[in-house]
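Below are the chains, spelled out letter by letter.
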Amino acid sequence: MATNIAILRRPLDPTGAWAWITTVDHKKIGVLYGLTAFAFFILGGVEALVMRLQLAQADLNVVSAATFNQMFTMHGTTMIFMVVMPAGAAFFNFLVPLQIGARDVAFPRLNALSYWLFLFGSILMNFSFFTGSAPDMGWFAYAPLTAANFSTSSSVDYWILGLQVMGVGTLAAGFNFVITIINMRAPGMTLMRMPVFTWMTLIVSFLIIFAFPVITVAITLLLFDRMFGTNFYDITAGADPLLWQHLFWVFGHPEVYILILPSMGIVSDILPTFSRKPLFGYVTIVLAGAVIAFLGFGVWAHHMFTVGMGRWATSAFAVATMAIAVPTGVKVFNWLGTMYGGSIQFRTPMLFALGFISLFMLGGLSGVMHAVVPVDLHQQDTYFVVAHFHYVLFGGSIFGLTAATYYWFPKITGRMMSESIGKTHFALMFVGFNLTFFPMHFLGVLGMPRRIYTYAPDMGWSGTNMAVTIGAFVIAVSIAVFLYNMVRSARVGQPAGANPWGAATLEWSIESPPHHYNFAIVPTIRSQHPLWDEEANTVEPPPLPYVDESSIHMPSPSYWPLLLAMGVTLVAGSLLVWQAHAIAGLTMGAASGALALISVYRWVFEPAVATEVAEGAAAHH
Amino acid sequence: MYPKQLLGRSGRLVAVGLLVAALLLALSACSSPQTTFDPKSDAADKIQTLYILIIVISGAIGAAVLIAMGYLMAKFRERPGVKARQIHGNNTLEVLWTIGPILILVMIGVPTILAIVGATRAPSEDALHVEVVAHQWWWEVNYPGLGPDGGTLTTANELHVPIGREVAISLKSDDVIHSFWVPQLIGKIDSIPGRTNHLEPFTASEVGVYLGQCAEFCGLAHALMRFRVVVDSLGDFERWVEGMNTPPPAPEEESFLASGQSVFIQNCSSCHAVAGTVAAGRIGPDLSRFGSRLTIGAGIMDNTEENLVEWITNVTAVKPVPEGLPTALAELGNGKQAMPRFDDTLTPAQVEAVAAYLRSMTIE
Amino acid sequence: MQYLARSPEAEHATTTGLNNRKLLMWAFLGSDAMFFGPLIATHLIYRTESLQGPIEEILNIPVTTISTFVLLMSSLAMVLALAGIQQGKMGTFRFWTAMTALLGMVFIGFQMVEFTEFAKHGLTPRTNLFGSTFLTLTGFHGAHVTVGIIWLWSLFFASFRGKVKQENSLDVEIAGLYWHFVDIVWIVIFGVIYLVGAFGVEDRVLEGAHALAGLGG
Ligand code: HEA
Ligand code: HEA
Ligand code: CUA
Ligand SMILES: [Cu+2]
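Residue numbers (this note's numbering), protein chains in the order written: chain A, 72 to 692; chain B, 4 to 367; chain C, 354 to 570.
A few of these clues could be false.
To be verified - Think about it this way: if two alpha-carbon atoms lie no more than 27 Å apart in a straight line, the pair counts; the simulated DSSO-like pairs of lysine-lysine are: (1) B:Lys86 x A:Lys494; (2) C:Lys518 x C:Lys375; (3) A:Lys494 x B:Lys78; (4) C:Lys516 x C:Lys442; (5) C:Lys516 x C:Lys375; (6) C:Lys473 x C:Lys375.
None of these hints come from the bench; they were simulated from the model.
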């Protein structure tokens, strides 16, 4: 090993915290993503509760206008970029290699880098709370409100830089999963045999690699405007006031499908298991996912129906938006078809999956209502929209991800989650959810705009708002129950065994939790339901005496992803310092830039599998 | 089969939820001045027709899917000895439930497009033209051609429009993006800096005061950027225009009001205008005939003596306006400054005088 | 060893038979295209919207034609470098790799001259919309070329240490993919920004269309 610096010697077999910090194992990274996302879920949820307290009645003064603006901005940003996306990534990571019969993702160190960039980017953005300038311009940060002359604090800069760092990590993850799914499948795992969750991961990864560059450009230009005096969003220099909106939503709408498709995949895997029959219309469900993603790039301006686009552009975007209801409807109906003729077991994951279908469907329908442009002129920027997107984001994405947690928890930890607590959790969350978000439709109809920190007592909104606030606290209780269930089950839950649900897909063929190398022998797949159709042939055979574990060399742990992510984040941070103090910023930038460069260099010349391990293995043969 | 079985557990919950919700709506619709469901203009009527159409259609779809789901949950729940039927799909069904939604969407899409095209029509010949300029966080209202000598009549935060005559409102912004919305009269359209947008021309159908609010997040006091639209009878509207155009009678010399006027000229006229006096500031709202305005501070409080004193004394206590606002658009060129607090520059007596002066200028 | 077939980062035995890193480069380039797309679009939206200062008339088409030609030739050199290493001819490989990098450097030289020229005529990213979009767009392209140059020189020097050889010609192939992509992006920029800008192509197309319509009516 080249390096002599003890602390940076390549960790070969780290234990404890180091094992997590240096890990390149997709399963560990998946768990890290999941835990981090959950922590941010609590943070984003608490931000929501603060808003709900302030809005419970008219004319309250729980928080100031400035704080309220920070709350909804950070709530939206957190929930989307630090909760739903990473929670999706948690399952991509843990499951995709297991579902396709691979030992890891295509680029394990890149995978670790993605996680660290996500974590550090999120921390960078939230750090703004300590400097008192948390982002306060809404999660879509419309220019020119975000231009330097209207947002004078560094709140927008924190938002941009945090997002930028996270975005690089997300892009890297997108590449990784595209390649992994295209190229790392076990023999016989044809595309049309892949579990739907893996399919949706593939589609989401494509969405990421095509949509994220656009937001990267949008925020880079904004950063240039704010820091270097360019004119991209400067109306006084003749800039187009709608440029930002177009760039943002060209990214933003595909983004919402990035948020929902994983849950659609999850539900498509769970329904067959608990209906004891194959998915109804597998091919159509997969195709519909692809069509949704494709159409998703052509509807962005439905967020801009009020900007005065001209009749034909408006009509075209309205029609394109409505069109998405067709493939989505096909999915919903095929899920119902899956239940038809089944022998349905109402276990907790199934309850959440059913919750997903009903709530997401309702949210989708209010989406179609938005597409009716004249009606949207009443709904846009009111609580009706807030109701719509919580139905799809919470009722959809979060319910799906919660179903996934109950479903795959046994695989991840080797223990079952408690059914009785799980059902309590479901009941509380389902009731709390509808109590919180259904009345928001009425608030919208009654003319309550979103993003207002206060309203007058004579508007007729107070009672409904109180109901909403109570609902939010019911949700909070349900989340506490969920947390309790996870902690408790991880310690004293029933041992799960390989396939506790009697499911059909490949990940259930190996022990729970899986070995770090996943499959002792790479399986050969002959069907879409390897564990149902041809049990004898495709399940991993009992460990054969000649399978020598030391002959399986997995990529070795590495420090460089972590250090590179640190370097990149500090470079971003140095821009903020630079604004306040040029020399300090430049020094910090140089130092952290050096850290990043060294990390890249060392990474490139570090073999994926440490030479010691490889040699050891060779000697073994 | 009784409903309990029919719907299944979550189905029942949803049904109950819907019912409760419908009741809530019915209860609150009548007392909500900003409701979208009590249209008072032809344009708002058209929107409501579409609104009801889409609520009925999506409600029906939603209910159908939920009921089907409840049925499946009840019918196919695990039973001892009954095995799941291994069905992989059904092409006919899948084609059907692709075509079905397409047909429904055509039913929604065609009226949508027709309405979009209708809403972007040009105003009629005799329409009343109003130009609204949004500022952080108040509305400037201009009536081209209605001012003295065919000039522009300017007011703020309160539009007067006549009943039965088409009104064509154009929108501009002096700083960031805002959105102009009067739910009972017209759907919202954004006020965008550097652009002029047009609302669908509408004809109000009932005399009254309608509440409006800025609907696009525009910074700190976005929640307090409200306004009123007063729909007048034709005669009242004429009287209002005439009243606005008549210079206010000069207060008697040495009187309380005269002292108020001089306080105003000295402290306020750099930002505020009062037609017919030397006060011609354009940074803040035009205060001509302020006494007949209904509200203070962009629709946030009633125009009472007490409230006005509070506003002038310490505006930051009632509205979060930061000190020193960013520069505005050169094109509209008013420069920009927030309303300062006067508790340390003016004595309470002076404040009272200026408040009385402003409130004295009314339209009979 | 058969059990290792799917072990990560294996250079062999992928599902499609394509190398993982090569696929990664393709995916990256697809993504990168979506990066340049909005930048180019922004420039097209803004090209004539500036309120002041020099705009398109400042572009020096003859000079840029030369630098474009230089970059095109570098792509040719890249092809020859790859052919060289694939055939195991290290000398050929080194010569053409160095040529590619040098041509790239000449291109960057042109760009630096262009930017300083513009600055002298009062056009910086802060001057007006044209300056912002044009310099950001071509600046990002220049950054891409610079990364490519560093990459090529790294390959060049690594080849002396025996780290780049016929067996891993793939490393060169991947760098080549990147280089060609950056080249293609430049062709688009040159066509859409310089030529259209300088000659007002679309105006003339429109004029032509009007003329035709006139003839018809
Ligand atoms: C998970 C995220 C997610 C998903 C999946 C969707 C899905 C959809 N969204 Fe939503 N949307 C958001 C997240 C999402 N949205 C967010 C976050 C915003 C607000 C952003 C902001 O302003 O902050 C938003 C805003 C938003 C707007 C802008 C509103 C406004 O600001 O005025 C519109 C307008 O058209 C819209 C439409 C749609 C449509 C048509 C769908 C469709 O995909 C829905 C399709 C599904 C169905 C229709 C249901 C199932 C189908 C059937 C049962 C078949 C039969 C149905 C019919 C024939 C109608 N959405
Ligand atoms: C996935 C996305 C997601 C999720 C899950 C949520 C969840 C919630 N959201 Fe929100 N929301 C958004 C995405 C999301 N939201 C977005 C994108 C916006 C737009 C932002 C913008 O306008 O810019 C928004 C805006 C938004 C608004 C509008 C603000 C405004 O316009 O002024 C409101 C208002 O009520 C709201 C409420 C809530 C509530 C009550 C929840 C609740 O469901 C939250 C429930 C969660 C908790 C309550 C967790 C707390 C748990 C505990 C406290 C357990 C205790 C345990 C420990 C402490 C260990 N959200
Ligand atoms: Cu103006 Cu919100
Ligand atoms: Cu959208």
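Evaluated hints:
1. B:Lys86 x A:Lys494: Roughly 25 Å between the alpha carbons, so the hint for Lys86 (chain B) and Lys494 (chain A) holds.
2. C:Lys518 x C:Lys375: Given pair Lys518 (chain C), Lys375 (chain C) holds - Cα atoms ~17 Å apart, limit 27 Å.
3. A:Lys494 x B:Lys78: holds (21 Å)
4. C:Lys516 x C:Lys442: It holds: about 15 Å lies between the C-alpha atoms, which stays within 27 Å.
5. C:Lys516 x C:Lys375: holds (18 Å)
6. C:Lys473 x C:Lys375: violated (43 Å)
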